[in-house]
Structure formats: structure tokens, C-alpha cells
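Peer 1: Here the protein sequences come in this chain order: B and W.
Numbering (this note's numbering) for the first sequence: 1 to 414.
Numbering (this note's numbering) for the second sequence: 415 to 721.
Just so you know, these hints were derived from the structure itself, not from any lab.
Ideal Cβ positions, reconstructed from N, Cα and C, are used throughout, including at glycine.
Since no wrong hints were added, every one of them can be taken at face value.
Across the chosen pairs, the derived CB separations fall in these ranges:
hint	chain 1	residue 1	chain 2	residue 2	range
1	B	GLU61	W	ALA466	24 to 30 Å
2	W	GLN649	B	LYS268	38 to 44 Å
3	B	LEU267	W	GLN649	39 to 45 Å
4	W	PHE554	B	TYR156	37 to 43 Å
5	W	ILE702	B	LYS127	48 to 54 Å
6	B	TYR156	W	PRO448	54 to 60 Å
7	W	ALA466	B	GLU396	41 to 47 Å
8	B	GLU61	W	PHE441	31 to 37 Å
9	W	GLN649	B	TYR156	50 to 56 Å
10	W	VAL694	B	GLN401	32 to 38 Å
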Amino acid sequence: MVILCVVPIISIFLVLGCSKQDGDTITLRYMTWDSATGLEPERKIIQRFEATHPNIKVKLEPNSQGYEDKIITSLVAGKPPDVFLWWNFTKLAELGGLEDLTPYLENCSDFSVDMFYPNLVKYNSVKGHIYGLPKDFTARVIFYNKDLFDQVGLPYPKDDWTWEEFLEIAKKLTHDDQYGFYVFAGTYHLQPWVWSNGGDLVSPDGNQVIGYLDSPETIEAIKFYTDLYVRHRVSPSGGAAASLGGAQNMFLTGKLAMMDNGRWPVLKLKKSKIRFGTVLPPHPQGKRLVTVLHSAGQVMATIGKHKSQAWELLKAMSDEEAQKIRAEAGWALPAMPALTEKMGLDRDPVESAFIRAVEYATITPCFLRTSDWWEYFDKPITDAIDKVLLGKGTVEEVLPQTAQEIEARLRRRR
Amino acid sequence: MKILPEKTRQRETLEGYLAISPWIIGFLVFVFGPIVASLVLSFHKWNLLKPAQWVGLTNYQSMVSDPLFWQSLKVTFIYAVVSVPLGLVTALLVALLLNQKIKGLAFFRTVFYLPSVMPTVAVSLIWMWMYNPKFGILNFLIKKAGGLLGLNLEGPEWLYSTTWVLPALILMSFWGIGGGMLIFLAGLKNIPEQLYEAALVDGAGAWQRFRKITIPMLSPTIFFLLVTGTIGAFQVFTQAFVMTEGGPLNASMFFVLYLYMQGFRWFRMGYASALAWVLVLIILALTILIFKSSSLWVYYEADEENR
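Could you build the full structure based on these sequences and the hints that come with them?
Peer 2: If you want it as C-alpha cells, here you go:
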């Protein structure tokens with residue numbers, strides 16, 4: 001008798017158990033490099049998503065250390081997060097790790113990339129295919145310390161200033177252990193200088209460096225940039241800057257009058273005692289400014305069991321509400337022009353420079369053009385510029401030489 | 415010897431293997447497996463996500479024309495050639511001092527050994543502070559010393575100077591002499607007292623006793639430390655990774671750091687595996703060389719008895 005009663009009860013449990021499993025509560029994993037208080041907006045956005053999608057749970061997996069390694073190894077192990085934050089779209093798309101979002105967008109009536117800044121969508125695309133939905137963005141602009149300008153009675157810089165004016169100002173702001181600007185080797189932050197002078201580091205199709213890296217325009221631009229240290233000494237040496245804690249700390253302690261940076265230090269600077277302003281970077285006389293953006297987007301892994309649900313999450317992580325939550329927390333600028341206007345950010349004295357810079361971001365960054373051979377390119381050019389800064393060569397010597405070396409390696413690879 | 419019954423012997427063998435099985439399994443899965451895999455991979459092009467593609471010896475051939483391969487090899491050789499012998503001499507000197515019969519010996523031994531216990535990352539961060547060109551204690555002392563001599567001495571930019579970065583890292587390597595010192599101390603304790611007494615009776619001076627007794631009796635210890643030290647020097651990674659990332663201008667691009675960058679920054683696993691195998695061959699060759707040379711300078715008491 002007892003057995004007869006127990007069996008049906010157990011089977012009811014079994015049925016319930018099963019139905020609960022296919023009963024559609026699934027868990028999506030989301031990975032981000034945000035950490036600490038930067039995660040708060042993400043938590044809010046996820047809570048909002050879970051409230052509207054009762055059958056989907058989202059597991060937030062923050063990983064600020066070794067993020068790229070984690071993503072790549074998880075893809076290799078076949079267990080990537082369903083949705084994650086990414087920036088080097090070309091590389092991972094080339095490796096086959098990123099889901100092409102173009103078909104999803106075509107079959108979707110409630111979401112369109114037209115809401116985003118068009119230049120930003122380009123940053124999240126590879127060869128016309130969209131892989132990421134922009135999370136936020138920043139442009140590189142010039143930060144300046146108003147007090148240091150006031151001390152020498154200089155007017156604050158305004159958009160549409162020239163390289164020559166920039167150099168003169170930097171000279172006037174350099175004395176004792178205070179510097180006008182900070183110059184350092186690298187490729188990303190150098191692009192606007194090169195592009196604004198009509199040069200480039202690599203061909204538009206990303207297959208050639210000779211004729212670009214060694215072009216007169218590129219050489220002239222990199223010479224101007226490195227001369228700020230080599231000839232005019234308006235910048236500290238790499239060692240001096242490092243011993244003072246880097247450019248950002250020097251700016252915070254009033255040792256650096258101007259710095260080239262993205263939006264990241266804004267929150268910290270606003271909390272400090274520094275009175276600062278932001279302005280578009282200078283351009284060579286008679287030429288049009290080109291700026292560069294930094295952009296990250298939400299992407300979907302190609303291997304995933306719940307792609308349609310992941311797509312829902314992707315949209316929720318990038319839509320207007322999500323952008324607003326992040327912007328209100330002060331962490332980032334929304335990737336949507338309508339929203340920046342609505343929030344008055346385009347009229348904000350500090351934030352507006354980043355927004356004005358977007359329309360000048362007309363050239364696709366080199367790393368998005370060079371597919372998976374970026375390292376053949378980035379490291380040698382950085383080394384070449386370091387050589388110039390360390391006094392071991394001139395721009396006229398090292399750039400053509402580096403272009404030949406890169407080209408030779410590319411030929412061997414083909 | 416008592417002969418055990420067949421069954422008991424088999425049982426004991428089985429138990430023996432069972433007892434070491436965690437190690438054996440661990441070795442096979444986590445060491446031997448990856449070693450074989452890396453050898454196979456070194457003949458492939460593999461970026462982790464796309465299937466590996468057989469390329470034969472291409473990875474090995476492209477090293478020849480890879481300037482950073484040669485640069486990293488050069489940096490590593492210089493580091494090994496300078497830091498290993500200097501480290502040995504320093505460790506021996508400290509061990510000799512700590513072998514004296516003075517007060518507070520245990521305290522000094524602890525103090526000199528302590529740094530070797532610290533993790534390399536922590537040590538690297540401390541030394542980064544000491545090497546700071548503007549606020550570091552080293553340049554502060556150099557300036558002070560200059561002041562005493564009436565000179566305007568400026569210390570170098572250490573980790574930010576292509577000239578000084580490698581000397582700085584070599585100097586820092588002395589931080590870890592504690593391990594060698596301890597082994598030297600054990601070696602010194604093993605030298606029979608009567609050898610020194612006999613030498614004293616024969617009228618040998620301190621230098622002669624050191625040269626004719628201590629050094630030969632310590633030669634097996636020196637040999638051991640030379641081999642392990644050389645292997646260790648070729649595997650330097652953490653310091654460079656934490657402190658310089660190979661810079662400035664690749665002046666501290668150690669071989670293993672370059673291997674790491676190829677593998678984990680640029681995801682060229684095939685090339686990184688090939689680099690690893692070249693490193694194995696280099697270390698193997700050097701070890702064989704040291705072993706071969708040992709018959710000329712390493713003295714074992716057992717040899718004497720057999721002659």
C-alpha cells in the first residue's frame with residue numbers, strides 16, 4: 001500500500017523535475033572586463049533584462065585580469081560565455097570566434113544599428129559585417145590644466161588649433177619639472193597625428209605598408225610628434241614620466257599641462273582639485289583633423305546553445321536604456337547621438353569634446369584593417385618610434401627601414 | 415637476503431605503484447602530455463581557434479630571420495653568463511662568512527636566506543621602487559655619495575635605459591642567492607675537520623687551505639649549483655614580465671618572455687612551441703657541456719678510492 005502511494009508521488013516529482021528543465025529557464029553567461037564599481041551599471045542592466053525575461057538567468061562573470069587569454073582559452077575549450085565584451089573584432093572574427101550579427105539585425109524589427117553613431121558601427125564591423133553592438137565609446141582628445149595656462153596668462157586652446165600653435169603653447173608650459181605634453185611610443189594614439197597629416201600606417205585594405213608607413217606625410221607627422229621630445233623637450237623622457245607615475249598622475253599633480261587621452265580619467269579628475277578642460281586635438285595648418293575612437297561592443301560567441309536568447313541579451317545590454325544607465329553612472333558616453341543630446345552631454349564643457357570628435361573619426365583604425373597579422377605591424381612600429389625617442393635613430397631612417405622589414409615578413413607569410 | 419614468496423613480491427610491486435600513482439598520473443597528464451603536444455605543435459601553425467595546420471619545419475626556419483629571436487637569445491645569454499658565476503661567487507662568500515663561529519649565527523643565516531622565500535612578483539615590485547630614477551633609493555644613495563665626494567652624480571634611468579636595464583636585472587638576481595648559500599653551507603659542513611688540521615700542521619696558510627681543500631671538496635656542490643643555476647637563468651620570465659615587459663627597445667626581452675608573447679599575446683602557438691623546443695635543446699647542450707667538463711674540475715672522494 002505504502003509503495004503504491006509512493007510511486008505516483010515520485011513520478012510526479014520526476015515529471016515536474018523534467019518539465020522544469022526543458023521548462024525554459026536557462027542561464028546565459030556574460031563576461032566583462034569591468035570591475036569594482038564599474039560593474040554596478042552592468043548589474044542594473046542585467047536585473048532589468050531578467051525582470052522582462054523571467055525564463056533567462058544571467059550570470060555575470062567579471063574578469064579584469066588576463067581578459068583576452070580567458071576569452072580565447074574558453075573558446076578553445078568550447079565553453080565561452082554566451083555574450084561578452086570585446087574590442088578587437090577583426091582578430092576574433094578572423095579566428096572564427098564571433099557570431100556575425102548582420103543576419104540577426106536584418107531579421108529584427110525592434111532594434112537597429114541606425115541608433116548608434118555610424119562611425120562607431122564601423123569600428124564594430126569587419127568587412128561590412130557587424131560583430132559587436134557598441135557598448136560605449138571614447139575619443140582621444142587633449143586634456144589641459146587650466147591653472148597652468150592661467151599662470152602664464154595663456155588663453156585656453158580651442159578646437160581648430162594648428163600643430164604650430166600647439167607646439168608654441170607646449171613650449172610656454174614647459175619649465176623646471178613641469179612639462180607641456182607627454183610623448184610616448186605606440187601605434188594607436190599616433191594614428192590621429194598621422195591621419196591628420198594625410199598619412200597612414202598601412203594601406204586601406206591592410207595588405208601593404210610600403211608607400212604608407214614610409215610616405216612623406218607619415219614621416220613628417222611622426223617627426224613632428226617625436227620632435228616634441230627629441231628636439232623641443234616639451235615632454236619628459238619615458239623614464240622620467242614612469243618614475244612620476246605616468247602621464248595621468250603627472251597631470252593630476254600639475255606636472256603635465258596637456259595630455260592626449262580618452263575619457264577614462266574624467267571621473268577621477270572631476271573628483272580632484274585640478275581645473276581642467278578638454279579640446280579636440282590640433283591639426284596641421286591647412287589640413288583637416290582626423291580623430292581616433294576607442295570602442296568596445298557586446299558580442300556573441302559562435303559556439304553557444306542559446307543563441308536566440310543571447311541575441312535578446314545582446315540587445316538589452318546595448319539599447320538606449322542600457323546606454324543611459326551607464327552614462328548616468330558617469331562611466332562612459334552613450335554610443336547614441338539622440339541620447340547624448342537628450343542628456344545634454346553635447347553641451348557639457350568636458351564631455352562635448354569627445355562627442356565633437358566622433359564626426360572626425362573618419363578613418364578605420366589600422367588594427368581593424370590588418371586582420372590577424374596586427375602583431376607583425378604594431379611591435380616593429382612601436383620599436384621604431386622608441387628608437388627615435390631613445391636617440392638611436394631618426395624618423396627618416398627608421399620608418400622606411402621598418403616598412404621594408406614588415407613587408408618582407410608579410411611576403412614570407414603569404 | 416631473504417627471498418619473499420612470489421605472491422608477496424607481486425603484491426608489494428603493485429602497492430608501490432599504487433603509492434606513487436598520484437605522481438605518475440599527474441606527470442603523464444600535466445607534464446608528459448603537454449611536452450609531447452608542444453613537440454607536435456611546433457610543426458604546426460595554430461592560433462588556438464582554427465584547426466592546427468601542418469607546416470613542417472617552417473616555424474624553426476623562420477627563427478633564423480626573426481630579429482627578436484636573436485635579440486632574446488642574446489639578452490638571455492648575457493644574463494646567464496654574468497649572473498650565474500657572479501651569483502655563485504657571492505653565495506660562496508656569504509656561506510663562508512656564515513660558516514664562522516660567531517654570535518647570532520642563526521639570525522644571520524635566516525636574514526640571508528629570507529629573501530629567497532619571497533615570491534618573485536613581490537620582489538620585482540620592491541626592486542621597481544628601488545630602481546625608480548627619481549625617487550628610488552639607489553639613485554638617492556648615488557646622489558648622496560656624489561655629494562660627499564663633491565661631485566654632481568646622477569644615477570642612470572635603470573629600467574628605462576637600454577644600457578642599464580640588463581645590469582639592473584642581474585644585480586637584482588643576487589637577491590635570490592639564499593638557496594645557493596644554504597647548499598654551500600651544507601657542503602662546507604661536510605668537509606672533514608681533520609683535513610684542515612693536517613694542512614695547518616703542514617704549515618698551509620688560509621688562502622692555501624681555501625684553494626687546496628675547500629674548493630676541491632666543494633666542487634661537486636659548485637657543479638650542482640652551476641647546472642641548476644644555468645637552467646634557471648635560461649628560464650627567467652617573471653622579473654622581466656612584471657618590471658619591463660621586455661623594454662626598453664627589447665633590451666630585456668628574455669627568451670621565455672618572447673615565447674610567452676608569441677604564444678599568449680599574439681596566439682601563435684606553433685611558433686611558441688618551436689621556441690620552447692629550441693630552448694630545451696640549448697639548455698640540454700649547455701648541461702651536457704658542463705657535465706663533460708666536470709671530469710676536469712669536479713673532485714669526488716669516491717673516485718680517489720677507486721683509483
